[in-house]
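Chemist: Respectively, the protein sequence lines represent chains A and B. Letter by letter, the first sequence follows residues 1 to 127 in the numbering used here. Letter by letter, the second sequence follows residues 128 to 784 in the numbering used here.
To be clear, the hints were calculated from the coordinates, so they are not data collected in a lab. A couple of the hints might just be wrong.
[To be verified] Here chain A is said to cover these stretches of chain B; the calculated rule only asks that three of the stretch's residues, wherever they fall, bring their Cβ under 8 Å from a Cβ of chain A:
#1 462–472
#2 587–598
#3 744–754
[Claimed, not checked] Heads up, simulated DSSO-like pairs for lysine-lysine below, C-alpha to C-alpha not over 30 Å straight-line:
#4 K597(B) / K519(B)
#5 K519(B) / K480(B)
#6 K583(B) / K597(B)
#7 K519(B) / K104(A)
#8 K480(B) / K546(B)
#9 K644(B) / K725(B)
#10 K117(A) / K644(B)
#11 K104(A) / K117(A)
#12 K579(B) / K117(A)
#13 K583(B) / K104(A)
#14 K546(B) / K579(B)
#15 K738(B) / K617(B)
Keep in mind it's a predicted model, so treat the numbers as computed, not measured. Idealized CB from N, CA, C, for every residue including glycine.
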Amino acid sequence: MAADIEPSPRGLRGVRALVVEDTWMVGEALRDILEGLGLEVAGPAASVSEAERLIAQSPPAVAFIDIQLRNGELAYGLIDALHERGIRIIVTSAFAVLSERVEKIASLLPNPYTATKVLATLRQPPS
Amino acid sequence: MRGWFGVLVTVLAHALPVRVSHISQVTSWSSPSLPPLLRGAVVAISYFVIAKGSLTLASLHPSASPVWPPSGLALASLLLWGNGLWPAIAAGAFVTNVTTFGSLTTSAVIAGGNTLEALLTAALLKRLSAHLFEGPSEVVLFAILTLVPGTMISATMGVGSLVLAGFADPAKFSSIWLTWWLGDVGGQLLVTPFLVLWAKSSLKEVGRAELQRLGLLLGATIIIGIVAFSPLLHQTTARSLLGFVAIGPLLWAALRHNQRDTATIALMLSAFAIWGTLSDGGPFARPNLNDSFLLTMAFVISTAVPSLVLSADVAARQLSEERHRVLVERSSEAKLAGILAIAGDAIVSIDAKHRINLFNAAAERMFGYSPSEILGQPIDILIPARFHTAHKQHIERFASGPAIARRMGERQEVAGRRKNGEEFPTEASISKLDVGGERFYTVVLRDVTERKRAEKLQGQLVAELDHRVKNVLARVAAVAMYTGQDSSTKEELLQNLEGRIQSLADAHVLLSHSRWKGVGLADLVRHQIAPYTNAGNTTNDGPEVMLTAGATEAVAMVLYELVTNATKYGALSTPQGRVSVTWSGGPNGRLSEGIVIKWQEIGGPLVTPPKRSGYGTNLIRRLIPHEIGGAVDLLFNAEGVSCTITLPAAHLPTRDR
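Use the sequences and the hints to build the structure in full.
Modeler: See below:
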């Protein structure tokens, strides 16, 4: 499906992206979609520590982050840390309601998602 | 007249201590205490003084006065203090007569008649009247007993002895007898109720307002007495008609006051009438003074008796109304007590000073205090200290506001504090009530601890459900996407898609049955491989162990990929191939350290490792480490595929969790 999106949208090629998602197949799907759009993807990471290790290897420009991670770990601290470093954040939570703070600093990509929805979210002006 | 009335008042003031009992409650014959001898002396001297005064009104015969209050004093004394007092009466009567007229013998007989009159009337009253003066029939009975037989015996003995001894003209027997008798009747009828009722009432209990009312009544009576009867005004025919005005204060006293005051007014009016007649004036003046007095007494008796009866009737009705009111009050109190006892909510009342004066059974259970501990305590004892000021302000705002009742803390719950210090959330309503100028507040409290817990749990469950539903949809969307990539035909795609979704659905059925608490591994293995195997070609074995919801989903998906791979390419693709699934606590056989699940294929076609790693293979290798943090070792050995799955102990809930 990701392969159907062509040509790769201009301006996205080579952009570094990080996927933080504890549901393996959902993370894999997002990684494939992003790669299909020409981004360089790290992850999916299922925990904050895994995410931090990947960020240390190569800092991303945009991070797709689920709120609830492996074994119930929450990603709010990670979101704040990345926001402070100027990394764009797109929250991919299954939670219906997010905190006001998160809604202020992040775009929202409710799953399940398709390549079209991911692209539309990426093209939204960062909040 | 001034003589005996003044003496009467003196006797009243000194000889009759006030009684602490309400007049309508007079049911016993108990009497004020005074040393018996002193009491006897007081009665005897009073009798003598009043009798001597009364005899100054005698004209027909020196010993027979048409106005004879001593007979009333005698009867009242016996009623109040008992029959034992008769010697005092006898002494008073004897001395009076000896110093007046006749011989020792006649004086003794007359005194005997007077004493017998009082004793007989008192005895009959005690016998026939259970509650003296209480009710109109008692008053009528009293009036009849003043007519017969005591007064008649006294008159007969007195006049008879005088005639027999030659001290009276036998021709005048009937007229002297009539004067005597009527004098005694009037004395008993007017003086006895006056003395007895005053003796039984308490001036201390009379309020200022009542004293003012009484003063007004007495003032009006004095004015009417002067205008209608007194010798101070010149008597005319027109003035004689004013005698009827006397009925005014009597009715006033009967309807608006009590029997005591009615008896007082009757006595006062008769005093005025006698005063007028004595001065040969007033409406009852006749050529013959004795006839004038007889007419006066007839008038006085005929107005006083109906007034006393009416007054008694009014008092009886008031008493009955009061009893009814008390009964209604008691029954409404009983109803309220019943409601308070069975109410599920705590009901607490406080007074204007915020002190607890009502605490029902539910409140006892809720707060843990017994009524004896809590009644009279400030309401603050039931509230956590940090809310005291706010709570006080709240009640004061409510006190000055227009609302009669309202819910407390509509936006926030009101906290309660149990005896053991525990705080708990409540839902409270408050109402205010002014009773007799005093303010009461009633608070109804419901302990909402359980409800809050349930609401919180429900909120958590809904959020959890929401999360799970979205998660499943996300998984299905991802599965759909990848199944497209590793299927070569449309039929294969649909079959793979259906299989993967069915695998997830099966895992959810087991989770749902366990209410998402966890699924037994044996159940999960059976359900996942059953559609692709038969009893002969698979075995599974291992200790009883539970998996969390997350581990259940992850293991289900991995088992599905393993079993479909085996069916397509591995041991289950030939009749000879076998699969065994075994598990044990790991790594050292202890379930507290996690669990190791071993998938082993054998007897199938020779295995060649795949050239490139497909979606299914990736899922088997990565899903469990990613999602629940375990380890998976998938090997494509030539004799058969083997897969070793290690799950962390954190995903093995104990049974009771």
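Chemist: Work down the list of hints and note, for each, if the structure agrees.
Modeler: Results for each hint:
| no. | hint | verdict |
| --- | --- | --- |
| 1 | 462–472 | violated (count 0) |
| 2 | 587–598 | holds (count 5) |
| 3 | 744–754 | holds (count 6) |
| 4 | K597(B) / K519(B) | violated, 49 Å |
| 5 | K519(B) / K480(B) | holds, 11 Å |
| 6 | K583(B) / K597(B) | holds, 21 Å |
| 7 | K519(B) / K104(A) | violated, 41 Å |
| 8 | K480(B) / K546(B) | holds, 21 Å |
| 9 | K644(B) / K725(B) | holds, 24 Å |
| 10 | K117(A) / K644(B) | violated, 35 Å |
| 11 | K104(A) / K117(A) | holds, 20 Å |
| 12 | K579(B) / K117(A) | violated, 40 Å |
| 13 | K583(B) / K104(A) | holds, 27 Å |
| 14 | K546(B) / K579(B) | holds, 21 Å |
| 15 | K738(B) / K617(B) | holds, 23 Å |
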